[in-house]
Amino acid sequence: MRMPEQRSQTPNSFLPDFCAAPAVLAVVLIVELVALMMAIARQSLHQNFWVDLAATSLFLLWIGLGCSAVLCRSRAWLARMPPGRASAVAIAMLVAVVGIVSELVYQAGRFGQFELQSAVTVFPTDHAAFLLRNMAVGFIVSALALRYFYVTAEWKRSIEMEALARIHALQARIRPHFLFNSMNTIASLTRTNPGRAEQAIEDLADLFRASLHDAHTQISLKDEIEIARTHERIEQLRLGDRLRVEWDIGKLPLRAQVPCLIVQPLLENAVYHGIEMLPAGGTIHIRGELVQDRIEIEVRNPVLAHQGYREREGNRMALENIRQRLELAWPGRAWVETTQSDGEFRAKLIFPFTESRSSVIDV
Amino acid sequence: MKILIVDDEPPARERLRSLLSEIGDCEVIGEASNGEEALELCSQLKPDVVLLDVRMPGISGLEVARHIDTLADPPAVIFTTAYDQYAVEAFETEAVGYLLKPVRKEKLAHALRHAARISPSRLTRVARTAGMEQRRERICARLGDQLRLIPVEDIYYFLADQKYITVRHKGGEDLIDESLKSLAEEFSNDFVRIHRNALVAEKQISAVERTEDGQYVVRVRDCGAVLQVSRRHAAELLRRIRGES
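As they're listed, the protein sequences go chains A and B.
When we follow our numbering, the leftmost residue of the first sequence carries the number 340, and every step to the right adds one.
When we follow our numbering, the leftmost residue of the second sequence carries the number 192, and every step to the right adds one.
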């Protein structure tokens, strides 16, 4: 329930929020700096620096605040468009604001001429040229500003995405549920069976060492199977005879080179979503074979027909992680197939058989 | 203090047992490895405190706790969990006693001193906050000292009289001590109110008929019962029946 609400609040617009006080203050400051810059640059053309500065900053402030107000109002509307169209619409609106303010200033100059002594120098005289010039400048500046906003927003988004991806990757590797349950098992075994506790700690250490490899690391299939077996040993201590695993991997070429952690997560899922939810437990079947030049590894486990305890996204996340690893190793040539039927879940890895370069040393 | 340990993992039970043996003034009177066993032992052994694992196969810890409350003198419940972020948050907000595994001896002793009975309404709120299933999959009836679990999908209807509610189901009839209003809310997806005192499983309705005096009645599949539909609930019933078929 809470998630969609949060999502609707997070603006996916690349425009900053111009309704917020800090943004308005920034606009005012920038406008004043630009006005100062222009006044200094034109000092030789005008007799009175201060009058020029005042006129320019008054004019630019109207434009700056007008543009902010327009962007503030239309932000939600623009956010619903694709970035390209939103930019075009925003530029058009900003140029229009520049045009309107310029027109007002011109008209004010025409009617106010007689009241102000210095009006002749302050107000523009050439109507069309004045409007066109301002709108051209408005167009260039707003295009630059929007480009700047877009790039900063993209940069911020990519940093956030990267952080999120890292957290997901970490959680996919070390599932907290498994970690704490294993710790509890070890705590229990240290009293009753210190020898087994020692072995469990060694197994857990091996498993975490393997999980610290990055996604590019390739190991032999033999080692990958060993990691899965290590995982099985720890779960076995915890679940006892409720967990049975049948390995049918005699036909697998163990010297094959595979990305690390592609079989173990499937076994972990099979236990977490399958066996653990069944009061009497069940058997996980792991079967592997070489079909022509492709390796196929299938993990099958029984699942509860209807699950009362709502499962979270763990299963999908682990599978997604395996997909990424396979994709990194063999782009477009390796995949995971999953099927669920008759209280059974199957996940099948299919990837090309690649010989290990270090096989000579391994054997 | 008499304690019942409920956990599906043998090492987890063993550890609690050995910790409890070091804490004075408590005695482990039984161990159960699943929810049904836990309920049976609860009614047989009458523990003072139940240490209950949240994540179990079959009946979840939360549902077990709700059924336990059906007992005449329900024991206090302390939940145990290795990792369940959402459940732990819910326990915190509802001030429900829980322990994180591996359990520390001091925390266990502290929890036992403060153990308390948890009311069904608080458990429903916990389930809701934790994003877990709030509907029970079974209804628990008490026969003297025995607890009887009735799968909700086997139930034909609930009929209220002055004090109790009769549950008519595939295995016969039982009395339960709950309110029809809360049952109607909990099972609103599958059950429909047809009268101030009657709640019927929608899929068990074989026919809705109109009697000569303009009253509606509902025929219940299999058990053959005919139940009165009150004027107030007739419109809602007809809408649901038509909407479904």
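Among these hints, one or two may not hold up.
Negatives, chain B to chain A, calculated, CB over 12 Å [to be verified]: (1) D239; (2) P248; (3) G288; (4) H301; (5) A302; (6) D336; (7) G362; (8) E393; (9) G415.
Derived Cβ-Cβ restraints for the label pairs, each shown as a range [stated by the list, open to error]: (10) B:K354 x A:A504: 24 to 30 Å; (11) B:E213 x A:W674: 24 to 30 Å; (12) B:A286 x A:E585: 42 to 48 Å; (13) A:A504 x B:R316: 33 to 39 Å; (14) A:E501 x B:T284: 28 to 34 Å.
It is worth saying that the hints were derived from the structure and are not from the lab.
Quick reminder that beta carbons are idealized off the backbone N, C-alpha and C, glycines included.
Evaluated hints:
Every C-beta of chain A lies more than 12 Å from that of D239 of chain B, the closest at about 24 Å, which supports listing it as non-interface. Interface exclusion of P248 of chain B from chain A breaks down, the closest Cβ pair being 4 Å apart, not more than 12 Å. Listed as a non-interface residue, G288 of chain B keeps its Cβ farther than 12 Å from every Cβ of chain A; the least gap is roughly 18 Å. For H301 of chain B, the shortest C-beta to C-beta distance to chain A comes to about 18 Å, beyond the 12 Å cut-off, and the non-interface label holds.
With a cut of 12 Å on Cβ distances, A302 of chain B stays outside the contact zone with chain A, its closest approach being about 16 Å. With a cut of 12 Å on Cβ distances, D336 of chain B stays outside the contact zone with chain A, its closest approach being about 24 Å. With a minimum CB-CB distance of about 20 Å to chain A, G362 of chain B clears the 12 Å threshold, and the non-interface call stands. Taking the minimum C-beta to C-beta distance to chain A, about 18 Å, the non-interface status of E393 of chain B holds against the 12 Å cut.
For G415 of chain B, the condition that its CB be more than 12 Å from all CB atoms of chain A holds, with the nearest at approximately 28 Å. Remark: the range hint 24 to 30 Å for K354 of chain B to A504 of chain A is contradicted by a beta-carbon distance near 59 Å. Between E213 of chain B and W674 of chain A the beta carbon distance is about 53 Å. The supplied range of 24 to 30 Å is therefore violated. For the hinted restraint 42 to 48 Å between A286 of chain B and E585 of chain A, the CB-CB distance of approximately 46 Å keeps it satisfied.
One distance hint, 33 to 39 Å for the beta-carbon pair A504 of chain A and R316 of chain B, holds here, with the actual separation near 35 Å. The supplied range of 28 to 34 Å is met by E501 of chain A and T284 of chain B, whose beta-carbon atoms lie about 33 Å from each other.
Checked against the numbered hints above, the structure violates hints 2, 10, 11; every other hint is satisfied.
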